[in-house]
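Number of protein chains: 4
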Amino acid sequence: MKILAFAASLRRESLNKKLLRLAIDIAREAGAEVDHADFAEFAMPIYDGDMQENQGFPSGALALAERIKAADGIIISSPEYNFSMAGTLKNAIDWVSRMRPIPLQRKTGLLMAASTSMVGGIRGLWQLRVPLEGCGVALHPDMFALAAAQNAFADDGSLNDQALAGRLQAMVSSYIAFGGALAAARW
Amino acid sequence: MKILAFAASLRRESLNKKLLRLAIDIAREAGAEVDHADFAEFAMPIYDGDMQENQGFPSGALALAERIKAADGIIISSPEYNFSMAGTLKNAIDWVSRMRPIPLQRKTGLLMAASTSMVGGIRGLWQLRVPLEGCGVALHPDMFALAAAQNAFADDGSLNDQALAGRLQAMVSSYIAFGGALAAARW
Amino acid sequence: MKILAFAASLRRESLNKKLLRLAIDIAREAGAEVDHADFAEFAMPIYDGDMQENQGFPSGALALAERIKAADGIIISSPEYNFSMAGTLKNAIDWVSRMRPIPLQRKTGLLMAASTSMVGGIRGLWQLRVPLEGCGVALHPDMFALAAAQNAFADDGSLNDQALAGRLQAMVSSYIAFGGALAAARW
Amino acid sequence: MKILAFAASLRRESLNKKLLRLAIDIAREAGAEVDHADFAEFAMPIYDGDMQENQGFPSGALALAERIKAADGIIISSPEYNFSMAGTLKNAIDWVSRMRPIPLQRKTGLLMAASTSMVGGIRGLWQLRVPLEGCGVALHPDMFALAAAQNAFADDGSLNDQALAGRLQAMVSSYIAFGGALAAARW
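Residue numbers (our numbering), protein chains in the order written: chain S, 2 to 188; chain W, 2 to 188; chain R, 2 to 188; chain Z, 2 to 188.
Think of the hints as simulated: they come from the structure by calculation, not from any bench. We put the beta carbon where it would ideally sit given N, CA and C, even for glycine. It is possible that part of the hints are untrue.
DMTMM-like mimics (lysine to aspartate or glutamate), calculated; alpha carbons at most 25 Å apart, straight line [claimed, not checked]: (1) W:K19 - R:D156; (2) W:K18 - R:D143; (3) R:K70 - Z:D143; (4) R:K18 - W:E54; (5) S:K18 - Z:D143.
To be clear about the criterion: a stretch of chain Z counts as covered by chain R if any three or more of its residues have a C-beta under 8 Å from a C-beta of chain R, and this derived list gives those stretches [stated by the list, open to error]: (6) 141–150; (7) 162–172; (8) 178–185.
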């Protein structure tokens, strides 16, 4: 099973990037081939229907679409902004969703969030499910939200809390089995 | 693959019941074994934590849980009330979610709605995804919303609109493949 | 300004009832007349369209509607179940929304939640906004979610955390001003 | 009462721009002073926390914030993308929400959508409420969703359907009363 993984943040010191690295390690141990992308590789302007018609898709959106098409599934770690999904990620989904066939169709996905708050970004993930499922992505029902993430990581990048680390391990492993089963099926 | 199917409506002449029947026929043709339930079989009071502690679960909630446990997946056709999910169905989910292990965990699901409005109940389905996915159900990303349902059915119960009938056929078939793949996997 | 206040829980020792009492005290100090209801007064069966047609509305739904009609606004403290609104409360809204004119139309509201989790029930409140706003209620944008509520109250019923108590005071006071301005206007 | 009004679309022939013009006419007739903005005036890059720290806010975000601050309320007509809010608009909200005090706090708002589909963009508006209310905007509970908008307008820009035109008239007028009452209050 081949997975595209990225954090939906442009910050260099992004907590979502740290969380994503842990998920990627688990996915690889579980046998998945992971394409670890940086969201900055998909730089694109805000969506403009006239620009699409006159100039075609921006290169960042085309790059993202190619990487999605080459994968069976996607792992995204995304910040929450204003109790909702990141506008940056929604903008990327909006561009990609205009292509035919929609590159996200019949892919699988796992969503995660890291946040400095006690709520851990989970509200944003629930909103993020809507456009992804609307584009045909089968999302794993469980999601991982890391609260107080600024204090959650040890120096070696692992999680300080062993119970949380175990939950992450179980969830990513479950996703690899879930995504593998669906990648092998025609549905 | 074994499926529990019910319409989340107590009305005898429910449009959701008519829509459900079509989905059940397609599921059976696709090889699924379908347990066709009537929501009235799961009559239960509104949720009360004290009642649960003192008297245990009501028989309707226990019956629903048993039927869910015996199935690999669930097909639900549900009305939309007030731009949101039916309170009746949410109440049933609330009762069942209190049992351990949660009977809905690792099941799959397909959601449908019939409505007399032009919007077809799709807003309610998007809200309904939340508690089901929160309980661990892997929902098929596509959903079927039948608008103006009071005029949608022929005398033999089929859909008048052949394009819509084809979409329903494709969606239920896709769900059977989706649900079958996940039922055969450990995830 | 006249307010109907209730906790959407049937439990005797409900944390939402404790939180509601604090809000009622603040509302009264701010000059509001508060009708403090117990959700058990509005006992009603789960929604059934046939029952409505054949037997009319159940007495609990009629009682709730009368109390809403007599008020300018509503304060609700509601538990979160399965990342979503309480099915019990949604069921009550569904019954009341069938009456004409809809008793909730042009009322104002403030939503609160108490929860034993660290997330504090805020996800359920965001979902609860939808049917209430769909029924025409102008909800105060801010909401109060009390996390770890089992440890939040002192013996006299006040909040241990003074900063939180201050936030509750400010939010309820703001709602009284908000609701008062809208109650005095024709909109 | 002073209102900022814009369509969250960059397209020149945007249906949302046509719908917005009708709302602006009604608002002015009802006595409001309307600042009719073009979303292109607020051109800004996608959100980047590092950019904010190192270079400050982009000029488009600052311009939008100034226009919001100068107004009591906002009327937005926004397209729906992927069953959710426009990423472009969410991106703008994300930038503005980083400023202190948050320019949107204690403003009022009315949401509209025009769409070529039969669903009319209403799903996107329900999602859009979340970040706006999260930023402290008091939104009018009613929303206006124009379905099949490509056929909805007469040559003079008015709506062909008189019943719909009446509903728009009533809703915008109600918003002006709602927003005026809240603009005059301290809440």
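Consistency of the hints with the structure:
1. W:K19 - R:D156: violated, 56 Å
2. W:K18 - R:D143: Outside the cut-off at roughly 40 Å; violated.
3. R:K70 - Z:D143: It holds: about 19 Å lies between the C-alpha atoms, which stays within 25 Å.
4. R:K18 - W:E54: holds, 19 Å
5. S:K18 - Z:D143: violated, 40 Å
6. 141–150: holds (count 3)
7. 162–172: violated (count 0)
8. 178–185: Holds: 6 residues of the region 178–185 of chain Z have a Cβ under 8 Å from chain R.
In this structure, the hints that do not hold are numbers 1, 2, 5 and 7, in rising order.
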